[in-house]
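2 protein chains.
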Amino acid sequence: MWEVRLAKHLKADLGTDTFDLVQVPTPEPAAGEVLVRTDYLGLSVAYLEMLRADSRLPIPPWEVGQRIGGGAVGTVVRSNSAELAVGDLVRTMAGWCEYSTGPADQYPGLDPDLFPSPVHYLSQGPTAYYGMSEVAKAGAGDVVFVSGAAGGVGSLAGQIATCRGAAKVIGSAGSQAKIDYLVDELGFDAAFDYHDGPVLDHLRELAPEGITVFFDNVGGEQFDAAVEAAAPGARFALCGALATQIGDHEDRFPEPDLTAAAAKGIAVLPFSTYHTPEQVAAWTEHFSTWLSEDRFVFPHTIVEGGLSAAPQALVSLLKGSFKGNVSVRVAS
Amino acid sequence: MWEVRLAKHLKADLGTDTFDLVQVPTPEPAAGEVLVRTDYLGLSVAYLEMLRADSRLPIPPWEVGQRIGGGAVGTVVRSNSAELAVGDLVRTMAGWCEYSTGPADQYPGLDPDLFPSPVHYLSQGPTAYYGMSEVAKAGAGDVVFVSGAAGGVGSLAGQIATCRGAAKVIGSAGSQAKIDYLVDELGFDAAFDYHDGPVLDHLRELAPEGITVFFDNVGGEQFDAAVEAAAPGARFALCGALATQIGDHEDRFPEPDLTAAAAKGIAVLPFSTYHTPEQVAAWTEHFSTWLSEDRFVFPHTIVEGGLSAAPQALVSLLKGSFKGNVSVRVAS
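Keeping their order, the protein sequence lines are chains A and B.
With this note's numbering as the guide, the letters of the first sequence map in order to residues 24 to 355.
With this note's numbering as the guide, the letters of the second sequence map in order to residues 24 to 355.
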């Protein structure tokens, strides 16, 4: 089978030469183990930090020669365990490989009928849901601003705020096509292109009553403008997943000037999360409910081409080429 | 009478040449007005910001030629109002002058028997109390770290945490004398000199269980170390009053790197306050109660020498020459 390994640590811009595609023996399941075929890989801009030797995440970055990690969904194709049967849909953390093997309890079973597609299990919803509900505590009457709103987390975060009763949800993104998408397809109340004049002007026009919740994926000017446009006591959830994004800002995580925030008593709530089982369960329940009620859209791209398409897909994701969540179809 | 005016805006270090001592006519109270003698001026490092032309506070800085403002307590010496009688103790916001006049309702009456001295009304307690109780919400079982703990706000903030049931209160200050004072006189559980090796080493030794509340008057290295030494979900109240302090750090307000804070889900809560009537009332009630129960010490210096001693007193305060709160006796 094929797997993808880290060829060298990332220094400046990400290119496909950061990865090695290597052929290795397809593993054999031992007693109590299963062989799982990787069906879809989920991608996230947070991967960028894991590719750096100087990652600032509190977990070790990936080593050169090591397989690229991350979440995936797969299908059991051989089973030496009574716990899983051939054909079962499972979650796998085996990373960028075509097949993996291990004890059955390493592969939590997934309900194939809960969602329209297995890729729904690979969304960045647990981050968006945790951030909007537990960190920002967005609810009835809130005026919510989401920066980086067309991304994997932001596109879900804005809809979550609406479903939780926000009075108004405003998004920013980097192109007119994304702006139209946010308003026309995802139901944002308003959106603007952050290249199009001062961010503060947009916010003052769109939220003259003051922002009460800011879900920040970007930092920099958008953070500063949100402080200026905030109501006293606003809650700012700073999302660590997308703050690592390559973009118009220099910092990999906001280092905000808090002077103006102090005057308004703004709560600055930086967070990052690795999708605890509780967070995944809370998101899965709400996501499936909201989808069934036609209150939610899952913005999603499936990249075709098998495992070898994964490196270029991640590069494209980090260039902002996609809207919403992105996964790679490994097996068809 | 004499009053003190701003001579020039502050650029680098504060000196007494920032001030002009000028003689002006003692004002005459009109009908409905009172004449109030200034007894004590309260001083605070927050004044530093008001002296700068480029103040980052959300209120206009003082203008050159304008009288220096700030809180004081005084005594009514003439009254053309039925609301106040000669001899009444009042609060005044007239600033650095020997006498002021205005409508009686500009001078809230104070209970002369509530505290041992009128200077108790000039403490920075409303900031400390609001920050520790309403922003950090310190309470039973919390492990609390206060930076700049020997200052006007910090010396009260640590004791407030203890009175609210904190399990442990740790302070940092800039000299061994201040450390001894914090532990021996103010009842801090532990204290350390921030010049004495890495701050993080002190915190790991003194709070191996992890800090749950940080009341930060300083920023810089102390903020970074507190993040490292914090328990998940800790609350960090960043006090804008003392963050303007001249000290070992370059920034006038912390511009923290929030990456590590994100990993622990630390709530960063910058605040500044101008002592609303509600905040003053809440503090006054608790302060008088705790003092009467012998649970609280009021760390305080009264600078003698009249109004003309005020400029040098403020310069000395900003050099860290005092412990606790500082007031100037204007009339004796």
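Be a bit skeptical, because a hint or two may be false.
Identical copies carry no separate label here, and so any pair may be met within one copy or between two of them.
Below, computed lysine-lysine pairings styled on DSBU-like, alpha-carbon distance capped at 30 Å [said to hold, decoys possible]:
1) K191 / K342
2) K342 / K31
3) K160 / K287
4) K342 / K287
5) K31 / K191
6) K160 / K31
Just so you know, these hints were derived from the structure itself, not from any lab.
Right, here's what the structure says about each hint:
| no. | hint | in the structure |
| --- | --- | --- |
| 1 | K191 / K342 | within (29 Å within a copy, 49 Å between copies) |
| 2 | K342 / K31 | within (20 Å within a copy, 51 Å between copies) |
| 3 | K160 / K287 | both (18 Å within a copy, 18 Å between copies) |
| 4 | K342 / K287 | between (35 Å within a copy, 29 Å between copies) |
| 5 | K31 / K191 | neither (45 Å within a copy, 47 Å between copies) |
| 6 | K160 / K31 | neither (40 Å within a copy, 47 Å between copies) |
Hints 5 and 6, counting from the list given before, are not met by this structure.
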